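Chemist: The lines below spell out each chain.
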Amino acid sequence: MIEKLGMPKWGLSMTEGRVIEWLVDEGAEIAAGDEVAEVETEKINGMVEAPAAGVLRRRVASVGDVIPVGGLLGVIADAAVPDAEIDAFVAEFEASFVPGEAEEEAGPAPEVADGIRFIRFGEGGEPLVLLHGFGGDLNNWLFNAEPLSSERAVYALDFPGHGGSVKEAREPVEALRAFLDSQGLERVHLAGHSMGGLVAGELAASQPERVLSLTLIAPAGLGPEIDAEYIDGFIEASSRKQLKPVLQKLFADPDQVNRSMVDDVLKYKRLDGVQDALRGLRERLFPDGRQARTLDLSGYPGPVLVIWGERDGIIPASHASAAPSRAHVEVLPGVGHSPHMEAAGEVNRLLERHLGLVRSG
Amino acid sequence: MTMRTITFQQAINEALAQEMGRDETVVLFGEDVVGGSGAPGEDDAWGGVLGITKGLYGQYPSRVLDTPISESAFIGAAAGAAASGLRPVVELMFVDFMGVCLDQIFNQAGKFRYMFGGKAVTPMVVRTMFGAGIRAASQHSQALYPVFTHFPGLKVVVPSTPYDAKGLLTQAIRDDDPVIFLEHKVLYTLEGDVPEEPYAIPFGEAEIVREGDDVTVVALGRMVHLAAQAAASLDGVEVELIDPRTTSPLDLETIVESVENTGRLVVVDEANPRCGLAADIIAQVTAEAFDSLKAAPRMVTPPHTPVPFSPVLEDAYVPSPDKIAEAIRATTGSPAPA
Numbered sequence: 029m030i031e032k033l034g035m036p037k038w039g040l041s042m043t044e045g046r047v048i049e050w051l052v053d054e055g056a057e058i059a060a061g062d063e064v065a066e067v068e069t070e071k072i073n074g075m076v077e078a079p080a081a082g083v084l085r086r087r088v089a090s091v092g093d094v095i096p097v098g099g100l101l102g103v104i105a106d107a108a109v110p111d112a113e114i115d116a117f118v119a120e121f122e123a124s125f126v127p128g129e130a131e132e133e134a135g136p137a138p139e140v141a142d143g144i145r146f147i148r149f150g151e152g153g154e155p156l157v158l159l160h161g162f163g164g165d166l167n168n169w170l171f172n173a174e175p176l177s178s179e180r181a182v183y184a185l186d187f188p189g190h191g192g193s194v195k196e197a198r199e200p201v202e203a204l205r206a207f208l209d210s211q212g213l214e215r216v217h218l219a220g221h222s223m224g225g226l227v228a229g230e231l232a233a234s235q236p237e238r239v240l241s242l243t244l245i246a247p248a249g250l251g252p253e254i255d256a257e258y259i260d261g262f263i264e265a266s267s268r269k270q271l272k273p274v275l276q277k278l279f280a281d282p283d284q285v286n287r288s289m290v291d292d293v294l295k296y297k298r299l300d301g302v303q304d305a306l307r308g309l310r311e312r313l314f315p316d317g318r319q320a321r322t323l324d325l326s327g328y329p330g331p332v333l334v335i336w337g338e339r340d341g342i343i344p345a346s347h348a349s350a351a352p353s354r355a356h357v358e359v360l361p362g363v364g365h366s367p368h369m370e371a372a373g374e375v376n377r378l379l380e381r382h383l384g385l386v387r388s389g
Numbered sequence: 142m143t144m145r146t147i148t149f150q151q152a153i154n155e156a157l158a159q160e161m162g163r164d165e166t167v168v169l170f171g172e173d174v175v176g177g178s179g180a181p182g183e184d185d186a187w188g189g190v191l192g193i194t195k196g197l198y199g200q201y202p203s204r205v206l207d208t209p210i211s212e213s214a215f216i217g218a219a220a221g222a223a224a225s226g227l228r229p230v231v232e233l234m235f236v237d238f239m240g241v242c243l244d245q246i247f248n249q250a251g252k253f254r255y256m257f258g259g260k261a262v263t264p265m266v267v268r269t270m271f272g273a274g275i276r277a278a279s280q281h282s283q284a285l286y287p288v289f290t291h292f293p294g295l296k297v298v299v300p301s302t303p304y305d306a307k308g309l310l311t312q313a314i315r316d317d318d319p320v321i322f323l324e325h326k327v328l329y330t331l332e333g334d335v336p337e338e339p340y341a342i343p344f345g346e347a348e349i350v351r352e353g354d355d356v357t358v359v360a361l362g363r364m365v366h367l368a369a370q371a372a373a374s375l376d377g378v379e380v381e382l383i384d385p386r387t388t389s390p391l392d393l394e395t396i397v398e399s400v401e402n403t404g405r406l407v408v409v410d411e412a413n414p415r416c417g418l419a420a421d422i423i424a425q426v427t428a429e430a431f432d433s434l435k436a437a438p439r440m441v442t443p444p445h446t447p448v449p450f451s452p453v454l455e456d457a458y459v460p461s462p463d464k465i466a467e468a469i470r471a472t473t474g475s476p477a478p479a
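Respectively, the protein sequence lines represent chains F and W. With the numbering used here, letter number 252 in the first sequence gets 280, and the count goes up by one each step, no holes. With the numbering used here, letter number 312 in the second sequence gets 453, and the count goes up by one each step, no holes.
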């Protein structure tokens, strides 16, 4: 069995990626899900994972090469497969591959309902709704939404004041409730990052019957501390130079923040109404540099997964100890405030397993 | 944020439409901005000589006005309207016509705030097209932004992309000082990603178009694109390309910081070289960052002549990517490729 190791597609606009580093030597044994190479895209750097177990027989792309989405990075096969067959596989792939074809199945486009922009991947099953953090948007789930959608519809939305949604400081949990109603989503899995985690938890606490399972990724609401410099810096930064160091606080590795990410956030922040909406949220959620709201999940009977990056510089990972005692808590080493981007593969596996609990149980 | 691709011209039209919708004191006037006075039954057919204001008369018929061919009258009217509560956006068809209305701009509008002890504001915008490249000869092709930059009291904007054009024009309209907004006529058809939502870009914040450690190149308006071509053509020289976007206020800090890193400076300016923007920026950077300079700064400008009408001469007149690349190489001491 010969498996292609291809250039993944992260997010709607990705057309190509540049190989920054190979993490595995030719000839090494790898398991499915192992990180094999690091790739830089216009938006973000990410890890390419092995699609199957075997031996990394060939590194077709070299460090520095720019490979289109779907293009060949390497070849995985059993040690027993003769070299000639590997060569033939590579030759055949290169003869038939047309860059851009993968793009045509570009997938869904964002829609807007009652002023809330959202995107949906996949369909059916028990739907999962992804909730971004303060200042984020639905694109923060570029490594997660599509991979998690093979067995269910996955929705990602923009909170009011964020992304392509109305620029008002509407109460986020009410916006979420209204969104679920508007889409006819009666029972959903919720996964939220940071502020989105707080919102997910608030909905689960107030309407437990509506929430099949809860996943809190570096959530707000489990302790008073938060990096006020991040919140203030994010709101007030008006140039790329001011914004970049603020965004770097989101990641353990500051190199994850590239020009295009800073540009996108800056352009969003310039939109009329955004500044006021963010200030309004700060006032409600983090006045005086402290978290004002505490999650009480004692009335929520469903499964709870808490994922935190050990090196989170925005909300300390120690808050995980305030999660309900029955919660499954995973603290990921070497990861900052954005586990769903920094350790996407691991987070997706944890989520997939967690969502499966409900079905089997 | 809802992005789509539109032209520079559409971006300007959209900023005008959105600001007129947001604020009813925003009024538009100038020659033919409706459709040409007296055009029978064809109101709004043109929307200005190049169609930039097309459609606005239909949306806001009482706030879009055609004027006689009398720049001294309607630019003066704008200054008065601004001082008494409106936010006029006037179109001076070609910047080359500034001569007949300059008193109204620099001696009146530009001095109201200062001479009335800060008690008066003059929120007017003069939109005007500039630049060579369309065979329009000496009286319709000049790049006169240094002249306006010279006068304290005026803000001067020279956008290079559709995104910047919309955001900077929005800021110009909301600004309480007189703003000269210069649109390069070759850029009108340039396409780029622009959010549908209204947004403003602050003045005095340069855009770093590309990052590099070897040479700082400063360019404005159309020259940004030619400088980017030059930068892309150079192997082994990492160019940091800076677009100041506004010449007044000028983001000198960003340029100086860059030169402190690269040690080399090239300024590309479509205006004539004497008392131009290239000379101004080089003088200021040299004073601020002399110790960082590894080579003499270079300016790439047209010659000190009127813009020629001959197509061959006009093409030779405007700074080209080749000339820009040559100047960049000269600062690094690397020879031109054989």
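Honestly, the hints are just simulated from the structure, not real lab data. Everything numeric in this text was worked out from a predicted model, so none of it was measured. We put the beta carbon where it would ideally sit given N, CA and C, even for glycine. Take the hints with a grain of salt, since some may be wrong.
What the hints assert, rightly or not - With a cut-off of at most 20 Å between alpha-carbon atoms, the simulated SDA-like pairs for lysine to any residue come out as follows:
| no. | chain 1 | residue 1 | chain 2 | residue 2 |
| --- | --- | --- | --- | --- |
| 1 | F | Lys297 | W | Leu393 |
| 2 | F | Lys269 | W | His291 |
| 3 | F | Lys295 | W | Ser203 |
| 4 | F | Lys295 | W | Gly258 |
| 5 | F | Lys297 | W | Gln159 |
| 6 | F | Lys272 | F | Leu385 |
Claimed, not checked - Computed list of chain W residues with no C-beta within reach of chain F, every gap over 10 Å:
| no. | residue |
| --- | --- |
| 7 | Thr143 |
| 8 | Gln249 |
| 9 | Asp318 |
| 10 | Ile349 |
| 11 | Gly353 |
| 12 | Thr395 |
| 13 | Lys435 |
Chemist: Each hint: holds or not?
Modeler: Now for the hints, and whether the structure bears them out:
no. : hint                : result
1   : F:Lys297 x W:Leu393 : violated, 24 Å
2   : F:Lys269 x W:His291 : violated, 28 Å
3   : F:Lys295 x W:Ser203 : violated, 33 Å
4   : F:Lys295 x W:Gly258 : violated, 36 Å
5   : F:Lys297 x W:Gln159 : holds, 18 Å
6   : F:Lys272 x F:Leu385 : violated, 39 Å
7   : Thr143              : violated, 5 Å
8   : Gln249              : holds, 31 Å
9   : Asp318              : holds, 19 Å
10  : Ile349              : violated, 7 Å
11  : Gly353              : holds, 12 Å
12  : Thr395              : violated, 8 Å
13  : Lys435              : holds, 23 Å
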